[in-house]
Amino acid sequence: MTALLTIDDLRLRYPGRGFRSASPEVLRGISLEIAPGETLGLVGESGSGKTTLGRAVLGLANPTGGSITFQGEDITRLSQKQRRPLAKRLQVIFQDPYTSLNPVLQISEILSEPIVAQGVSAADSRKTVSRLLDQVGLPSNAAQRYPREFSGGQRQRVAIARALALEPRLIVCDEPVSALDLSTQARVLDLLVDIQRNTGVSYLFITHDLSVVRHISHRVAVMYKGELVETGPVAEVTTTPQHEYTRSLLLSAPTADPDLQRERRALRRRLREAAA
Amino acid sequence: MTTTEIDNIAAVSAPEKKRSGVIRRLLKKPLGLISLIVLIVIVLLGVFAQFFSAHDATFTSLQVVNAPPGTPGYILGADQNGRDIWARILVSINVSVISGLIGAGVATLVGTLFGLLAGYVGKKTDAITSWTFNLLMTFPALVLVLVLSPVTGGAYQATMFIFGLFLAPSTYRLVRNLVVGVKNELYVDAARVSGLSNRRILSRHVLYVVRGPIIISVSFLATAAIGIQSGLAFLGVGSTLTPSFGSMTSDAFINVYSYPLQLVWPSVVQALLTSALILLGNAYRDALTDAERPTRAERRAAASAAATRTRMVRARTAGAPDVSSARSLLTVRNLSVGYAQTDGVLKSVVDGVSLDVAPGEIVGLVGESGSGKTQTAFSILGLLPPEAQVEADVLTIAGDSLVAKDSRELRKMRGSVIAYIPQEPMSNLDPSFTIGSQLVEGLMAGMSRKEAKATILQLLARVGIADPERTFASYPHQISGGMAQRVLIAGAVASRPKLLIADEPTTALDVTIQAEILDLLRDLQGELGMGVLLVTHNFGVVADLCDRVVVMRNGQVVETGKVRAIFHEPAHEYTQQLIASILDENTVRTDPAPHSDMRELEETK
Amino acid sequence: MIVYILRRLGAGLVLVFIVTAITFFLTHAANIPVANNILGAGATQDQVAALNAKLGLDQPIIEQYINWLVGVLHGDLGISYFTSEPVASGIAARLPVTLSVVVVSLIFTLVLSVILGVAAASKRGPLDVVLQGIATLSFIFPAILLGIILVYVFAITLQIVPAVGYTSLAESPSGWFASIILPAIVLSIAGIASLAAQIRGSLIDELGRDYVRTLRSRGISDMSILLKHALRNASGPAFTTFSLLFISLFGSALFIEKIFALPGFGTYAYQATIQGDLPVMLGVTLFSVLLVVIVNLIVDLVSGWLNPKVRVS
Amino acid sequence: MKYTHGLRAAAAAAGAVLLLAGCSAPSSSPSSAAPQTLNLSIQAPPTNFTVGDWSGGDSTLFTSVYDSILKTNVKGEATPGIAESWSYSPDKLVLTLKIRTGQKFSDGEPVDAAAVVASLKQTMKEPSYSAQLATISDVTAPDATTAVITLKTPDASLLSKLGGVQGGVGAPKVLTAKSSSLDPVGSGPYTLDKSATTAGSVYTLKRNPGNWDASSYPFETVKIRVIQDPTASQNALKTGQLDFGGVNPDQVSQFPKSQFTTGTSLPQAVGAIWLADRDGKIVPALKDVRVRQAINMAVDRSSIATKLVAGAHGTEQLVSPTGAAYSADLDKTYPFDVDGAKKLMAEAGYADGFSVKMPSTVVSQAYDATIAQELGAIGIKVTYDTVPFQDFFAKVYGGTYGLYFMYNGFSGDDASDLNGSTSGAFNPYGTTTPELTELLAKANAAPADKQGAAFGAVNKYLVDQAWAAPILSSTGPWVTTSRIKYTPPVTPSLNLLPFGVAASN
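Protein chains in written order, with my numbering: chain A, 1 to 276; chain B, 1001 to 1605; chain C, 2001 to 2313; chain D, 3001 to 3505.
Relax, there's no trap hidden among the hints.
Have a look at the derived ranges for each label pair, beta carbon to beta carbon:
1) Tyr1208(B) x Arg126(A): 16 to 24 Å
2) Glu236(A) x Ser1401(B): 55 to 63 Å
3) Ser31(A) x Ala1473(B): 40 to 48 Å
4) Pro24(A) x Leu1033(B): 51 to 59 Å
5) Glu3109(D) x Ile2022(C): 46 to 54 Å
6) Pro24(A) x His1568(B): 45 to 53 Å
No more than 30 Å apart at the CA atoms, straight line, and that leaves these computed lysine-lysine pairs for DSSO-like:
7) Lys2123(C) x Lys1028(B)
8) Lys2309(C) x Lys1453(B)
9) Lys225(A) x Lys2309(C)
10) Lys2123(C) x Lys1405(B)
11) Lys3121(D) x Lys3104(D)
12) Lys2228(C) x Lys1405(B)
13) Lys2309(C) x Lys1183(B)
14) Lys3485(D) x Lys3194(D)
FYI, nobody ran anything at the bench for these hints, they're computed from the structure. Positions of the beta carbon are idealized from the N, C-alpha and C atoms, including for glycine.
Here chain A stands alone, though its shape is the one from the complex (with noise of 0.2 Å):
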């Protein structure tokens, strides 16, 4: 299987405040690979780095080590102009719908920006601009809104269309559901699927929750303390966990079913006892 990415022995530390004081690696060491059309859910406690290893894919946090391929092509250490093309392939959905949209721009501008950057004449970002609202089931006339008059949800498929404008081979989904209601998770998750079945396109999907893993990845990372501890496919990883970490944390996570999870407070109470 050719890789659409891959991520080898990625290293990452935050400069330090002073002259030589040095702050703990986020990322120690990472690997991993995405093929063409496969989501790969990263699953992790907050500090793990999960979010910081999906900065360093989008040139948004700058890697102390290690090597990042895309398309065969070494993207590790790129300045914001050499990256500027790859923009074009490379795209992303943030977490929190409120801050992600410039609170100012229409939609219509939000959508055509990335269009237009690629020199893209503005008729026809036009036409993509409405192409993109309806591949994401907005009505054509959000185009000339603000973000600020959506919901949460809306303004959710409104980052996913400006993701999809350029038709990129990669999306790097940083928590897209997480901020949303329940009822609107689903229905943004079943978009994201659709999306991928009829575009071929490939998800990083970043997480910690991990019924959203299991709904919309192939395969799953879990990331703990900066290191991967376990890879698989999905029914794998969920099912039979390997590592310690991926148990505790399938156990921690409650259970929409009151006698279910009477269960599983139990079991884990055991196995915190056990270990004590």
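Put chains B, C and D on the given structure of chain A with help from the hints.
Same frame as chain A, now just chains B, C and D:
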């Protein structure tokens, strides 16, 4: 896309249809409109000075020296040199306006340009420019102006140019800090990922967003520049023959005891000019905040307790039936919460809610965002902002009615009978005080400081904090989110409340921590026999903790029932819909990644 | 902590070095005929040259600056060209005057703006509007007019304070206070408005924060929340304004000194600059930069103390 | 005070005037109820106290710490000082001074003829006074109580100069020492109290009971503040922080009779546009006498004197109206006549006028606009440079300006007035004519009874030649607190003799 969401768009956007711009909003404010008119009138008087005055501003007539106001041809009188005060005021307006324009213009241009660069480009640029602007701030500007006066010839325009540079640091700081804030916004990241050039990001995203505060600062800079010019002229720096408010004041100051009015005229006009500028700036800021308010309101819908006053709960009707049973810990009947809109219409967010919590019972209050669940919880706690209009037939805790209680009585209840656990652990601790001191404060009413400390240390140990002494002395930023939530729980149960209201107590936490906190809550509830009202949108949490569930939607209760019943046999359509959207643990994505096709595609490239 | 203070002071010294250098070279560029100004009476070329030699003005510019720096390191700031007074004693005599006025004025400003800001933030509505009106009015009210009114009422009519001049604190504390009270009030007037607005704004922000609600949920009194918790957290941004205020008040002291005939630092600096009295200009520059550095350091230390997060370890 | 008072500059030590000076102080010793402190103000601080180097406004400070060879009393007469008597040789070229014995400098050294010689020689050397003492060829001290001044040409104003700053005598040991600039060692009626003095802002004088004339100076302490702002000094006067000040006529009523004494000063100074560049070095037009005359005709003296400066009189002469050289007829030489002035300008070849730069100082500020306008009416376009007063004379000597407005304080004698008007700051380019030189020489050498007429001829010549454009001679009201007895002097701001203690009722 469901039809409900499309409906929502229409519904939400309806009042927004006539989306008035900031300028229009500004003109709608009486203060904004008046100050704008005053400003325009003053500026026009200056621009067309020669049409409004009978004499040249520098023309002296010895016949009218110190003539009183009303002298023919000299409306405001003449000064000590026999010059027309009115004519001089008109010319002074021009000098002031030009000074304001130059000073504020230079400061804004320089400050904005370098502020953008420093905030956006990187740490090194930031360090260098910040250092340079700090230098500018320490530099004695007057020295430079005087030293350079042979070069500038004392022309006030050149002087104001120099002072513009010295005013620039304030704009620089403002813009830089705004940009640093905006730079970390996700939409700027998104723009970068979208392949936008730095210039485009700066001009379109960053500058566009920070322009409001810059425009406001311009009004202050202009006043400052006008003040500086008149101050310098008062001191006699520069040409003394150019009429300006400062030189007029200086002339009049000499004669203040003989002709005090001569001092009043320039002062009044200058004050009018500057106050119009400032009030216009203020009105613009208000217009800008108004424009931003909807987004903020949404983001902080629950957190808008921007007041220390407590909202009293009003009885809906006199003699409402007392349905609170002796067994019930919390009884709520027909509770509504509304907020008056700017157009005077009351917008209801909670509408006729009734619910009960029995002693020792955990009741889940479930609903999506905007369902009114948090507003319901806060109205029970008496923590809604004063704008809220709260009414209820019955609102009783442990047999004690909250209706018509004043804020002091409510506060007493909050300290003892009823307690609260918030959602976001970090933001709910005062960053400036140690954990211990904030927790002790709540107990000080009933016991000595020593006792309170002992109680809190004991509690900290009880909520699972390994080193209570150390945590007691720590500041909030020194502990983790999970610890902070334990601290808040300790704070809530410190007074051994009968009713605990928890607002999404685990939403901000990682799943592993969430599980521990849930365990802790259950244990404490068992020990203390508290009734708990648990506000949440997480059905996993509901399943874990709750005995009964109240489902809310659009401010109303749609269904109430035992936890199993809700999960297994939801009666209401909405509840069914909610239960159905729960991502099933058993469905795992099985369709294979279509990488085979893609590989072919890759290979043909 | 001490390392931090020393480092900041070190950075301040670099700033002093650069700012005085700029002043020095700009003054030279402006080419003020110092010798002619001093000698006056149709001085001959020879006399001018002799005086220039005496003042060291015939040396290369760089050397003159280095000489000055060396002098400063030995504690010698030079002698005024015009009043023959050693610059150090000149500053020592005048700085306390201006500092007295500025510091007392800052205390007024602080106290009044906290009262106004807290009142406006906690009692929103009509009172807020009235307070804002007062604040705006005070901002635009001409200081000169206020000065003359105060002098007329308190000095001339009531005769409870002097109209001009300065009495040193050592000489008579009550005389000192009487001699600076009016100037300090006049100087305060503009700052109160901006600082009160600042405090009001950050207090309103602070009162909207989550922890305020949590504190209330524990039954803590409104007064304690407002004055102990919210005010302390709101004071951070206000303190930054405070340091800017100090700088601006120090600058505007010149006008006050004129009206009240105070022998202060501003007048000293102004006269020196007009005449091209280079040693005084440099001394004045040095001290004003140092003052700004120290005030900024104090403000940072205080706001560090107020905000445990940025507290220097 | 609104600069209505004159500016003493006859001795080049010019400055803004707040004080008037004179003599005939009460010789009675101060009563026990006498005020201990006299509070005065000056507008500009002195640059230093070194003998011969004194410049800056008011000379009261200098003449208080240094005794002078002679003294000038309130009537403007030369009276004994360090020299208890003096005599001229018949040819008026040798002045012999008999030095008083028993006087001591504040460092304990005796005041003798050698000190007098050293001080006078020092003053002659310094640029500030060298021009004014240029008539002196030598000074010698044949013995400890005799000093002899030899002159190149007779100088009728010499005695007056020796009674002023130029006659100041300091201790020879520290005469030129650096310390003397702030720490004067003299034998005057007062000593400088350094502990209560801040150079540039407050000067405190302590009475020197050892001075031979101590009884003329009843105040234990004299505190002299530098107050630049006229309103501030008026405030200080009203609150009693100052004991003396000049005010505008319309302000007199603000000082209640119960607390203040008021009066009107003698003519103190002449305010004139000094047409200094009579050789046309930087303003060629001024070389032409017709241009200078045109300027004289363009100025509306009587209006300026009555409207701009209440209480002044228009004048066309540089001498005091109280002196013998003054002639009322001369004030009709150049009546206000714009057309006539224009005609003269055209005749001189300046029909289109010309542009000049003038300095604008605190002293001239009140007149600047009017002067610019009136000169503008005959085609002379005036632009102003703002010049701080301290720099004014330096700039003028530096030859920066062809013409400027300034006051020249009257000295009490025609000789000083006219010698002063033709030298120093009022003749920075040193212009002269053979006729003037001759007229001056004749007048200076004239016997006392003929001097009035002789200087009258000089005066007439200066008026005819439009040497300057005099505008007004100023008098003005003064105010003192009622505990002070003030005697308006002929020569203002010279010394503390006009100040005495009011008789208590």
